[in-house]
Amino acid sequence: MSAGHTHRLHRPGDTPVHRLPPQCKLVAVLAFTLAVVATPRERMWAFAGYAALLALVAAVARVPPGFVARRMVVEVPFVLFAVLLPFVAHGPRVEVLGVAVSQNGLWAGWNILAKATLGAAATILLAATTEPRVLLLGLERLRMPALLTQIAAFMLRYADVIVGEAQRMRVARASRGFVARDARDAKVLARSLSALFLRSYERGERVHLAMLSRGYDGRMPVLRDTAASRAQWAAAAVLPLAAALLMTAAWMAP
Amino acid sequence: MHVPDGFFDAPVSVGAGVVAAAGLGLCLRGARRELDDRTAPLAGLVAAFVFAAQMINFPIGAGTSGHLMGGALAAVLVGPYTGVLCIAVVLLVQILFADGGITAYGINVTLMALVGVLVGYGVFRLVTAVLPTRRSTVTAASFLGAALSVPASALVFVGLFAIGGTTDLSLGAVAAAMVGVHLLIGLGEGLITAVTVGGVAAVRPDLVYGLRDAGRPLEIRKPQTTGA
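Going line by line, the protein sequences match chains A and B. Using our numbering, read the first sequence as starting at 1 and increasing by one per residue. Using our numbering, read the second sequence as starting at 1 and increasing by one per residue.
Don't read these hints as lab results, they were simulated from the structure. Do not rely on the hints blindly, as some may be mistaken.
[Unchecked claim] Covered stretches of chain A, as calculated for chain B (at least 3 residues, CB under 8 Å):
#1 13-22
#2 48-62
#3 108-120
#4 151-163
#5 171-179
#6 236-247
A quick note: this is a predicted structure, and the numbers were derived from the prediction, not measured. Every residue gets a Cβ at the ideal spot worked out from N, C-alpha and C, and that includes glycine.
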């Protein structure tokens, strides 16, 4: 249920958020999300605070709210689940708008909705302000195993090629009157998949040979130095520190 | 559908994170036997392929649709260790698309990469060990492996939910709904995996890891450094 994958993720720009080194932003987003997840669900004001923090970051990075909202569509199945929870969960019942719903379910639905939305918004902002290629450099700096970054690098390189090829095949199917109606149609889709794999593999082989002939030795040459200065780490730490303060306040509050 | 932030409580998230890290470590070691530096592009290609294939949603009735998990497919094409790494990378990239939370990454890797590949490839090996090695066997084995890997992941999800879900639902209902729906999704997954593997095996059997013992070894073309 990940229908939104064809959208462009990155919004090029030259704001303080865009300029931060990728590893700082990765650590900041991770720490921010940890703080959000660790917040007790009854402290609604803390979640409002987190949302305000993210809105601030989005404003500094000049990412319009509509862009973030559109990318959130992937979350829809979980929103449905969260909305359903108050009606199916156990425990004492409370009246909301004249309907008896489970109190626990209500809290649980809110918990999932709030935390998942904030986590998703934070990663969307990260992806919007950092090129995927640069993110990989950041992951490399954070000591992610080389084999994984290598696979990820090739994946990013091939993704557009394969998605383009898949798109052309989809248009070809549609222009011949194909509409997926029920499970029996999966066979047609599967046949296109095997053709897609072979086409992209043979293209990948050619790309790989071309890379080898240009001196590729298992590592991409680093064209851009992504070392972070102390000031940049400090700037990146603002968001998670503010979130940590909020979280502490939420735990201390009576 | 990937688990977002806040769905499971902290102990389960951390526990699954440890399992995922250990599993990935093991696979990084194992993958060295399946791949060398020169064939890493193949793994990247499979990851990109699974990523693209996940965009195809197939209807399973009642307004819902499922998409490929890809664990069994990746394992049969590039081998189990590399398959786990491919799916883990796909899940990592999907976080950027807000599909699955950062703090739930360990859970998602455990569910889809580790369990999906373990069950999918395990069943595949079992079937190919019992039946004679032929192309139809490989197709049937891929179907069974993929079809069973999806409800198996759903079962593990229910297990995790029983330990550390942040909601109190009746466990039986969750188990019935999850496994029931995922049996159907599994059929789609099995069909797609089987036809894909069958199609690739028909044209380029050297690209199917699961056929390695049966036929020719994987052909790796090395660049000519001398001559010309």
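So, going through the hints one by one against the coordinates:
1. Counting residues of the stretch 13-22 of chain A whose beta carbon lies closer than 8 Å to any beta carbon of chain B gives 0, which falls below the threshold of three, so the coverage claim is violated.
2. Proximity of the stretch 48-62 of chain A to chain B, defined as three or more residues with a beta carbon under 8 Å from a beta carbon of that chain, is not established by the 0 residues found.
3. Counting residues of the stretch 108-120 of chain A whose beta carbon lies closer than 8 Å to any beta carbon of chain B gives 10, which meets the minimum of three for the stated coverage.
4. Using a Cβ-Cβ cut-off of 8 Å, 12 residues of the stretch 151-163 of chain A lie near chain B, which meets the minimum of three, so the contact claim holds.
5. Counting residues of the stretch 171-179 of chain A whose CB lies closer than 8 Å to any CB of chain B gives 0, so the stated coverage by that chain is violated, three being the minimum.
6. With 0 residues having a Cβ less than 8 Å from any Cβ of chain B, the stretch 236-247 of chain A misses the three-residue criterion, and the hint is violated.
In this structure, the hints that do not hold are numbers 1, 2, 5, 6, in rising order.
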